[in-house]
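Colleague: If you read the sequences in order, they're chains V and R.
Here the first sequence is numbered in this note's numbering, starting from 1 and rising by one per residue.
Here the second sequence is numbered in this note's numbering, starting from 1001 and rising by one per residue.
Hints may be right or wrong, so weigh each one.
Unchecked claim - Derived DSS-like pairs (lysine-lysine); straight-line CA-CA distance at most 27 Å:
hint	chain 1	residue 1	chain 2	residue 2
1	R	1027	V	13
2	V	202	R	1027
3	R	1027	V	16
4	V	13	V	88
5	V	154	R	1027
6	R	1041	V	154
7	R	1027	V	111
8	V	13	R	1032
9	V	202	V	13
10	V	88	R	1027
11	V	111	V	88
12	R	1041	R	1027
Stated by the list, open to error - The following residues of chain R were derived to be distant from chain V, with all beta-carbon distances above 12 Å:
hint	residue
13	1023
14	1046
15	1055
16	1058
17	1077
18	1090
19	1092
20	1098
Quick caveat, the hints were computed from the structure, so don't treat them as lab data.
Even glycine gets a Cβ: it sits at the ideal position worked out from N, Cα and C.
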Amino acid sequence: MSGQTRLVEVRTKILKQNDVVARALRQEFQQAGVTVISLVSSPGTGKTAFLEVTLRSLRDRFRVAALVGDLATDNDACRLARAAVPIKQIITGTVCHLEAEMIHAALADWKLAELDFLFIENVGNLVCPASYDLGEDLRAVLFSVTEGEDKPLKYPTIFNTADIAIITKMDLAEAVEFNHDSARANIHAVRPGMQILEVSAKTGNGMNDWLELLNLRREQAIDSLEPVQI
Amino acid sequence: MHEMSIALCVLDFVEEEAARRSNAVVKAVHIKLGALSGVVKQALASAYDLAREGTNLANCELVIDELPIVVRCNVCGAECPAESIQNIRCSVCQSAEIDVVSGRELEVAALEIES
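Turn these sequences into a full structure, and let the hints guide you.
Modeller: The following block contains the structure:
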């Protein structure tokens, strides 16, 4: 019983293991030339409906696929399968978010080089997914007009870790007296300058802006792979 | 609630470090928790207490150092704490043209090892 202690500095990321896998995934995605987009939101925001329309709109021009995470059931995968593109359900059991290793495992029997876009729909949760890098190129946070304009203020971390905000169910905006200005101000309060899209998967309004953005991302990714002319 | 898996990661790391140091007795583990880490201090503390029970690290305390969000302002050049997590802007000139320079930390900073 010496009771003497010394402080040893270690400075290591707690989610080091996830970060290592995420970094390897990102490299693999880049080499295969696939653009990877993840979607996060609370349950019921309409991620699956949004993703289904996205997949349908892209499938004629691009090779697209999606992974979808849920605690239980393959209902979302069944819905998305209607878009007739490769879909795989990741059932997380009790885990409230996707981790890089789950993505790695789910992709084991897919050939990434045969894809242009891979979408990852995270478990419906605005808290935990914020801490886990999945190797994606772009993380979109979705919130619907029915959830209230102050959602970004209540969940600032997820908005801060995402690259773009998408407001869904715009077809209901008038019925629920959705206040655009207030919602946009709240997003920009927690993430200054964040790009915001307003969409309705049901009517298709605003979806073109999203598809254009994806196109642009894809072109940028391809450009960055082109060998430099000397 | 992902704090339990975070707590388990911390314990795994401490166990590895202890083994690497000839089974050193680790009295405490110090972690840095940024306000933008997505982890709640109290939830992590509770999860940690539950996770260490009955293990070799049952007596290893968790010391959580919470870090504020610090931004660098692209307008006035100040490096200062953000107004708040709901208002990430320069607290000197109020500009939103900022880069977050810290606040995302989720790391083990140090171990207290019995000597």
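Colleague: Hint compliance check: list the failing hint numbers for this structure, sorted ascending.
Modeller: Numbers 2, 4, 5, 7, 9, 10, 18, 20, in rising order.
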